[in-house]
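Undergrad: Chain by chain, the residues:
There are 2 protein chains.
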Amino acid sequence: MQRIVEAVPNFSEGRDKEKIARIIKVFASHPEVKLLSYEPDADYNRTVVTLLGEPEPLEKALTDLVGVCVREIDLNHHSGQHPRMGAVDVIPFIPIEGVTMADCIGYAKSLAKIVQDQFDVPVFLYAEAATSEARILLPDIRKGEFEGMKEKIKDPLWHPDYGRPEIHPTFGVVAIGARAPLIAYNIDLASKDEKIAGNIAKAIRKSSGGFQYIQSGPAHLEKRGHVQVTMNILDYKKNPIYRIFETVRMEAKRYHVEITGAEIVGLLPRDALVKSLEYYFNVHDEASSVKDLDFETLVEKARQYLLFRDFDKFKIIESYL
Amino acid sequence: MQRIVEAVPNFSEGRDKEKIARIIKVFASHPEVKLLSYEPDADYNRTVVTLLGEPEPLEKALTDLVGVCVREIDLNHHSGQHPRMGAVDVIPFIPIEGVTMADCIGYAKSLAKIVQDQFDVPVFLYAEAATSEARILLPDIRKGEFEGMKEKIKDPLWHPDYGRPEIHPTFGVVAIGARAPLIAYNIDLASKDEKIAGNIAKAIRKSSGGFQYIQSGPAHLEKRGHVQVTMNILDYKKNPIYRIFETVRMEAKRYHVEITGAEIVGLLPRDALVKSLEYYFNVHDEASSVKDLDFETLVEKARQYLLFRDFDKFKIIESYL
Chain W
1473 MQRIVEAVPN FSEGRDKEKI ARIIKVFASH PEVKLLSYEP DADYNRTVVT LLGEPEPLEK
1533 ALTDLVGVCV REIDLNHHSG QHPRMGAVDV IPFIPIEGVT MADCIGYAKS LAKIVQDQFD
1593 VPVFLYAEAA TSEARILLPD IRKGEFEGMK EKIKDPLWHP DYGRPEIHPT FGVVAIGARA
1653 PLIAYNIDLA SKDEKIAGNI AKAIRKSSGG FQYIQSGPAH LEKRGHVQVT MNILDYKKNP
1713 IYRIFETVRM EAKRYHVEIT GAEIVGLLPR DALVKSLEYY FNVHDEASSV KDLDFETLVE
1773 KARQYLLFRD FDKFKIIESY L
Chain E
1473 MQRIVEAVPN FSEGRDKEKI ARIIKVFASH PEVKLLSYEP DADYNRTVVT LLGEPEPLEK
1533 ALTDLVGVCV REIDLNHHSG QHPRMGAVDV IPFIPIEGVT MADCIGYAKS LAKIVQDQFD
1593 VPVFLYAEAA TSEARILLPD IRKGEFEGMK EKIKDPLWHP DYGRPEIHPT FGVVAIGARA
1653 PLIAYNIDLA SKDEKIAGNI AKAIRKSSGG FQYIQSGPAH LEKRGHVQVT MNILDYKKNP
1713 IYRIFETVRM EAKRYHVEIT GAEIVGLLPR DALVKSLEYY FNVHDEASSV KDLDFETLVE
1773 KARQYLLFRD FDKFKIIESY L
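Chains W and E are the protein sequences, given in the same order.
Residue numbering for the first sequence follows the numbering used here, beginning at 1473 and increasing consecutively.
Residue numbering for the second sequence follows the numbering used here, beginning at 1473 and increasing consecutively.
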């Protein structure tokens, strides 16, 4: 079985197109690693990169990414709307196929050691790889940002997991960790009333008592002329898409509002689709095994049962393998 | 508007019927406070009491309860299956009508001061009244029980909120706090397969990623010949009954299993019923206002929409007022 890991590093440059090109070019020397996308954001002044590959080549590519950012980015001359503490700010490893979360924690630690040894950049382990409760959430580590980290890192509570308690003078620090795949998922409602979307979002999201791995809020799509319940699913194994979809449908009933569609922003793992379609195959007594379906049939069934729009096989991570 | 508070004190005697009678007798001198029930449990060797009343007479009755238990119960000669740390182990205040959670936190603090002043019993504030994260959950405070508390209370981390860091030699310590009403709620499934009930319980409960205020597990009712999803709803405002009921129904569909009934164990606040019936009144375009229904109609509608069995108005706390 293949061992496939996703990594979604963020680096702190989203404006200088030539610099971004020079940074992204490092992946050209790692053809075994797939560069699925990179999305520079000028307001945030950072770029989010999505990589897919086997653990060993992925580690080499990420090491080179840190190396080029040590040379290219000086955070003393950086501003942007998104909080940041490092030239490469964060590197999460995400298990996709044939690897466990424990494996990904191992990859995080291995890369952390290399980054510290080769570039003298202090590393915080975060999310599933965190060494204490206070380091699980990225915003907690990042609080104070590059500027505040000079002092913060001297506090014994915030000594890095790898390296001396002193930031790299131009790079800052980096958080490396492991987490479950995050699915950005929106449900379209046949209504223009944002309050209805807001009430439904409140019913399902963790912060107001709903499902543990759901972040959610209302959105109004002016061009499309309707509202959405917009969500992040932080763990699709514990909060599968179908359960969220059906709960939203149930809540919408009290407002006599129909669900007209749904969309995945970015990518989702094949397994997330399989786990949810299995529910509908059971309910509707469909005989075939969802696990064995090809991409085309999975896409067709996702459209039928989960009302996915603008959806094709290139939304499924494994289609790139 | 009336101000009505529920209190559910537990005292550590569940076997000696004469002693229990002497303890319960204190409520006879407080006719303004309604003694809804007391349930001695011989295995647990404790008794759970449910009281309802206005805050001031309730405080007097609870003070007398602590007083009689100081005289009657010596924890040095107590054993039972349920963990305990005090002759009166815990006293939660629960807002029912015309009072807020903040009010109930106030009542908890007021009673805590009286208990400490009059009986020299150390008090821990817990749940919504807790003074630190570590003291929110009763099992965390109670860990070590009466026997271990002698040493534990000397640790500055576990100094009591009221009183010296020394247990009462025969009474021990008591936790006093405030919490939302807890609803014990079970859903009947037309199946004998406990695994199905277990899977559904897992989908909805907090501990495996479900709703924040749901504790849940499977149960097999031998005499009735079917399984149940058995639950505690810790906050019915954030996790209303209808939402749990409909989510269980949705999950059960994949097993082609029907819900045949549901039951409330103990009592529930009228507002919990109103909040859930409003969902069905909206869905089915029933014109009347649920809030204004009398007890009989509420009961009838709860049977119709929520499939409540063995349900009458005496299951509704406010019917005792």
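Honestly, I wouldn't trust all of these hints.
The list makes no distinction among identical chains, and a pair is therefore deemed to hold if it is satisfied within one copy or across any two copies.
Unchecked claim - Think about it this way: if two alpha-carbon atoms lie no more than 20 Å apart in a straight line, the pair counts; the simulated EDC-like pairs of lysine to aspartate or glutamate are:
id, residue 1, residue 2
1, 1725, 1757
2, 1678, 1612
3, 1497, 1665
4, 1709, 1790
5, 1763, 1592
6, 1674, 1504
7, 1497, 1485
8, 1674, 1707
Derived from the structure by calculation, the hints contain no laboratory data.
Undergrad: Now look at each hint and say whether the structure bears it out.
TA: Hint check results:
In this assembly of identical chains, residue 1725 and residue 1757 lie within 20 Å of each other by CA distance solely across copies; the values are 11 Å between and 25 Å within a copy. Taking the shortest alpha-carbon separations for residue 1678 and residue 1612, only the intra-copy value of 18 Å comes in at or below 20 Å, while the best inter-copy value is 23 Å. For the homomeric pair residue 1497 and residue 1665, neither the shortest alpha-carbon distance inside one copy (45 Å) nor that between copies (57 Å) is at most 20 Å. Taking the shortest Cα distances, residue 1709 and residue 1790 sit within 20 Å of each other inside one copy (17 Å), while across copies they are farther apart (41 Å).
For the identical chains of this complex, residue 1763 and residue 1592 are neighbours neither inside a copy (45 Å) nor across copies (65 Å), given an alpha-carbon limit of 20 Å. In this assembly of identical chains, the alpha carbons of residue 1674 and residue 1504 never lie at most 20 Å apart, being 43 Å within a copy and 40 Å across copies at closest. For the identical chains of this complex, residue 1497 and residue 1485 are intra-copy neighbours only, at 14 Å inside a copy versus 74 Å across copies, given an alpha-carbon limit of 20 Å. Taking the shortest alpha-carbon separations for residue 1674 and residue 1707, both the intra-copy value of 18 Å and the inter-copy value of 15 Å come in at or below 20 Å.
Of the numbered hints stated above, those contradicted by the structure are hints 3, 5 and 6, listed in ascending order.
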